[in-house]
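Take the sequences, apply the hints, and build the full model.
Given next are the chains, with one letter for each unit.
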Amino acid sequence: MNALPTPALLEVNGLDAWYGAAQILFGVNLNVRRGEVVALMGRNGAGKSTTLKALMGMLDRHRGQVRFLGQDVSQQVPFQRARLGLGFVPEDRRVFTHLSVAENLEVGRQPERRWPDGSAALNWTPPALYELFPNLGAMQGRPGGQMSGGEQQMLTVARTLMGNPFLILLDEPSEGVAPVIVEQMAQMILQLKARGASILLSEQNVHFAEWVSDRAYVLEKGQIRFEGSMAELAADEAVRRAYLTL
Amino acid sequence: MEFSALLAQLLNGLAEASSLFLVAAGLSLIFGVTRIVNFAHGSFYMLGLYVAYSTVEYLVGRLGPAGFWVGLVVAPVAVGAFGALVEIVLLRRIYKAPELFQLLGTFALVLVINDATLYLWGPEELLGRRAPGLAGSISLLGRQFPTYNLFLMVIGPLVLGLVWLLLARTRWGVLVRAATEDRQMLGALGVNQAWLFTAVFALGALLAGLGGAVQLPREPANLALDLRSIGDAFVVVVVGGMGSLPGAYLAALLIAEIKALCVGIGSVHVLGLDFSLSKLTLVVEFLVMAVVLVVRPWGLLGKPQAGSRNSAPAEAPLRPAGNGLRWVALVVFVALAALPLLQTWLPYASVLAQDVLVSVLFAVSLHFIMGPGGLHSFGHAAYFGLGAYGAGILLKVLTLPMPLAFTFAPLVAGLGALLFGWFCVRLSGVYLAMLTLAFSQIVWSVVFQWEAVTGGSNGLTGVWPAAWLGDTAYYYLTLVLVAASVLLVRRIVFSPFGYALRAARDSALRADAIGIDVMRVRWAAFVVAGLFAGLAGALFVFSKGGVSPDVMAVGKSVDGLVMVLLGGIQQLVGPLLGASVFSVLQDSIMRATDYWRAVFGGVILLLVLVFPHGIAGFFQGLGNAWARLAARKPALLPREKRA
Numbered sequence: 001m002n003a004l005p006t007p008a009l010l011e012v013n014g015l016d017a018w019y020g021a022a023q024i025l026f027g028v029n030l031n032v033r034r035g036e037v038v039a040l041m042g043r044n045g046a047g048k049s050t051t052l053k054a055l056m057g058m059l060d061r062h063r064g065q066v067r068f069l070g071q072d073v074s075q076q077v078p079f080q081r082a083r084l085g086l087g088f089v090p091e092d093r094r095v096f097t098h099l100s101v102a103e104n105l106e107v108g109r110q111p112e113r114r115w116p117d118g119s120a121a122l123n124w125t126p127p128a129l130y131e132l133f134p135n136l137g138a139m140q141g142r143p144g145g146q147m148s149g150g151e152q153q154m155l156t157v158a159r160t161l162m163g164n165p166f167l168i169l170l171d172e173p174s175e176g177v178a179p180v181i182v183e184q185m186a187q188m189i190l191q192l193k194a195r196g197a198s199i200l201l202s203e204q205n206v207h208f209a210e211w212v213s214d215r216a217y218v219l220e221k222g223q224i225r226f227e228g229s230m231a232e233l234a235a236d237e238a239v240r241r242a243y244l245t246l
Numbered sequence: 001m002e003f004s005a006l007l008a009q010l011l012n013g014l015a016e017a018s019s020l021f022l023v024a025a026g027l028s029l030i031f032g033v034t035r036i037v038n039f040a041h042g043s044f045y046m047l048g049l050y051v052a053y054s055t056v057e058y059l060v061g062r063l064g065p066a067g068f069w070v071g072l073v074v075a076p077v078a079v080g081a082f083g084a085l086v087e088i089v090l091l092r093r094i095y096k097a098p099e100l101f102q103l104l105g106t107f108a109l110v111l112v113i114n115d116a117t118l119y120l121w122g123p124e125e126l127l128g129r130r131a132p133g134l135a136g137s138i139s140l141l142g143r144q145f146p147t148y149n150l151f152l153m154v155i156g157p158l159v160l161g162l163v164w165l166l167l168a169r170t171r172w173g174v175l176v177r178a179a180t181e182d183r184q185m186l187g188a189l190g191v192n193q194a195w196l197f198t199a200v201f202a203l204g205a206l207l208a209g210l211g212g213a214v215q216l217p218r219e220p221a222n223l224a225l226d227l228r229s230i231g232d233a234f235v236v237v238v239v240g241g242m243g244s245l246p247g248a249y250l251a252a253l254l255i256a257e258i259k260a261l262c263v264g265i266g267s268v269h270v271l272g273l274d275f276s277l278s279k280l281t282l283v284v285e286f287l288v289m290a291v292v293l294v295v296r297p298w299g300l301l302g303k304p305q306a307g308s309r310n311s312a313p314a315e316a317p318l319r320p321a322g323n324g325l326r327w328v329a330l331v332v333f334v335a336l337a338a339l340p341l342l343q344t345w346l347p348y349a350s351v352l353a354q355d356v357l358v359s360v361l362f363a364v365s366l367h368f369i370m371g372p373g374g375l376h377s378f379g380h381a382a383y384f385g386l387g388a389y390g391a392g393i394l395l396k397v398l399t400l401p402m403p404l405a406f407t408f409a410p411l412v413a414g415l416g417a418l419l420f421g422w423f424c425v426r427l428s429g430v431y432l433a434m435l436t437l438a439f440s441q442i443v444w445s446v447v448f449q450w451e452a453v454t455g456g457s458n459g460l461t462g463v464w465p466a467a468w469l470g471d472t473a474y475y476y477l478t479l480v481l482v483a484a485s486v487l488l489v490r491r492i493v494f495s496p497f498g499y500a501l502r503a504a505r506d507s508a509l510r511a512d513a514i515g516i517d518v519m520r521v522r523w524a525a526f527v528v529a530g531l532f533a534g535l536a537g538a539l540f541v542f543s544k545g546g547v548s549p550d551v552m553a554v555g556k557s558v559d560g561l562v563m564v565l566l567g568g569i570q571q572l573v574g575p576l577l578g579a580s581v582f583s584v585l586q587d588s589i590m591r592a593t594d595y596w597r598a599v600f601g602g603v604i605l606l607l608v609l610v611f612p613h614g615i616a617g618f619f620q621g622l623g624n625a626w627a628r629l630a631a632r633k634p635a636l637l638p639r640e641k642r643a
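Just so you know, the sequences run in chain order A and B.
76 is the number that the UniProt record's numbering gives to position 76 of the first sequence; each next residue is one higher, with no gaps.
172 is the number that the UniProt record's numbering gives to position 172 of the second sequence; each next residue is one higher, with no gaps.
Be a bit skeptical, because a hint or two may be false.
Listed next, with one range per pair, are the computed distances between beta-carbon atoms [unchecked claim]: (1) G20/A to L419/B: 37 to 47 Å; (2) G20/A to R93/B: 18 to 28 Å; (3) G545/B to Y19/A: 54 to 64 Å.
Some but not every residue of chain B turned toward chain A, in silico, with C-beta under 7 Å [as the list claims (entries may be wrong)]: (4) V174; (5) A178; (6) E181; (7) D182; (8) M185; (9) G187; (10) A188; (11) G190; (12) V191; (13) N192; (14) I516.
Source of the hints: derived by calculation from the structure; they are not laboratory data.
Predicted model, so just to flag it, every value in this text is computed and none were measured.
Note that the Cβ used here is the ideal one computed from N, Cα and C, for glycine as well.
Below, the structure written as structure tokens:
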């Protein structure tokens, strides 16, 4: 762990989190490096979404250290983390149903960013996003509430990209959308990766995760049970059977 | 009626609609984004008028006639800045508090602002100067129509258009609209909601201030404007649909025109009876609101709201009184019974105790629907007043013997609750609060205007108990009836009906699914609460020898709410303690200072700020802290908001 090829973008140490009185996460450790796509895997209720929400600062009760770009953000509220360049795509999409596609993108807009080393980050404009998601380009004036689930899923991703995030937290991108959309989502992730984006995604679908990710963590009952490259996970039949297959 | 007179009235209605809309638009905007129903919005309207009076007087002296218009612009901006201050200092602390506390907190502001206005501008009405250039009138079909009204007619639609542009065409507007839908997601996208909320609140206050300022040449600034305009604004916003600006304008137009028609038509002759429609004006808006809420509960142009995000923490189950509590109750009862014997040493004690007992019964009846029932009523004073007036009218007008009048009085209140409850139990949350408020305003208006029967603003006098119920006997009657009522209400809470009521509060859907007719149960509870409030009213009127419309004003309903919250809504002894403490405090504060409203408001604010989760929640927090200390566990932060 010490000899990382690039410094970690996100470092999480001993993250605990609660919903009300119930503790959901127990000492989660993980990290994501620049340019990586990392999958956070596990069954329903393992704590994947809770981890992402906790990283975004959206849970009232949590403990542990979260370092983003070398800065301790564990006491920051969601909008501060978002402004530092942490982008969150929620599982339940949460598009603004009364706003048009273009207005949804406007809500997510943040100033252009540069990496601490001065190099330009991946910055987005609506035209660039309409190119990435041609469907959205064709319905810029349509209210978010009148779109299909798959279209909403794309809008949610595009809206988060408008914030020019250094790291995207992508919650269950393949959940509840048609197979053809799942494939589009995978292509989209690979395209983003090709352009240098960094992504931490939560995923139940092993095939999807293998398709897009470099590394994986496996969660079970709020604890990390496995970490390693996607190839190692693919080879580890015991882990897959214990924590991933239904 | 002549066509020209009708036309003039309709045009006046248009001018009235503008001011109504300005106040309502701000209220609606603020509610849409912050989910707070700002009771103090009428106070911003009133302040707009007072500040405009001062700025115009000052600036006309410096700048000549142009100073009028500059003053008219400066005043709303000042009110907007004051609104921002209020948001930062007060509201930011109560966004996560239960709805009821938010309403109370902003009502406390009403009291404080009212007394501050009294202190700064004095008690006299202040009539501003006329608008230079628009002081005259024009001729319309042979009738004189004030030119200034033309200006007012334009300003409503103009502001509607400007605010619409702001919301539709600017980034700020997009963020505001997003905030009305999903505030948490907005934060996750990097938007600092705190400043967005402040800006929206300031804009809303500015609009209300503008609504007040433009009334300067037409209406004298006075201290009653705050509650009157907030009542009107509530009605407009609810009729139009919470959060809908075009709806607010439509509703303002509808109400202003219906009022104008009532005035214009005057009296009508139906079935040999004369009805004075012009006297209906005070009630008509509330009638419109009641009709709209029943037909379209979300208002004319509103959209159904998702359930409130500010759900209070789940309430702990109620427990029957233990032996300790029973002994305490017995001791208190005996002590109260002994009070008249101490008359020589404590001449005032039994008088005060009489008031306290009446308050206790009133608070217990309100607590019954609020606590176990979960229905937050902002108009409970109506049933207290119906009981009091019912007794008075039965005695004086129908000349029933006193014992009969006393016995039937609670039934009058019960009938009122039966009628109004049918409408009220169909709603929940702020809509319920507003509908109950509206009904109590209707009752108040009827009592206030029906002079022949109710004595109008003077009220009824000479309502004394029968001779055999002299001073001490009447006190004992009160004591016994209040004690019996308290026990009976406890009995009801622990009866199957009480369980059904609490089940309906905790989950209406699940209660429904196990065969409880939720609406019927709530309706019955509403009537029970009305009966006991009516009994309190009857006890009140015979102890005072009379009654005035004040007993059913909004302030009296809020007194009840404060009593209940002061004691703690989760405990059955709460209203007893709360009402006792409240009555004694009020008695001493009112005798100590002219500015008792401000002191009272300050106490409510303190209550809301120090105990944002209720007093019971505060003690629960203490208990948690204690358990944590004992177990040395990590800090227990407030619960995750339930979606």
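Hints versus structure:
no.: 1; hint: G20/A to L419/B: 37 to 47 Å; result: holds (42 Å)
no.: 2; hint: G20/A to R93/B: 18 to 28 Å; result: holds (22 Å)
no.: 3; hint: G545/B to Y19/A: 54 to 64 Å; result: holds (59 Å)
no.: 4; hint: V174; result: holds (5 Å)
no.: 5; hint: A178; result: holds (5 Å)
no.: 6; hint: E181; result: holds (5 Å)
no.: 7; hint: D182; result: holds (6 Å)
no.: 8; hint: M185; result: holds (5 Å)
no.: 9; hint: G187; result: holds (4 Å)
no.: 10; hint: A188; result: holds (5 Å)
no.: 11; hint: G190; result: holds (3 Å)
no.: 12; hint: V191; result: holds (6 Å)
no.: 13; hint: N192; result: holds (5 Å)
no.: 14; hint: I516; result: violated (27 Å)
The structure does not agree with numbered hint 14 stated previously, though it agrees with all others.
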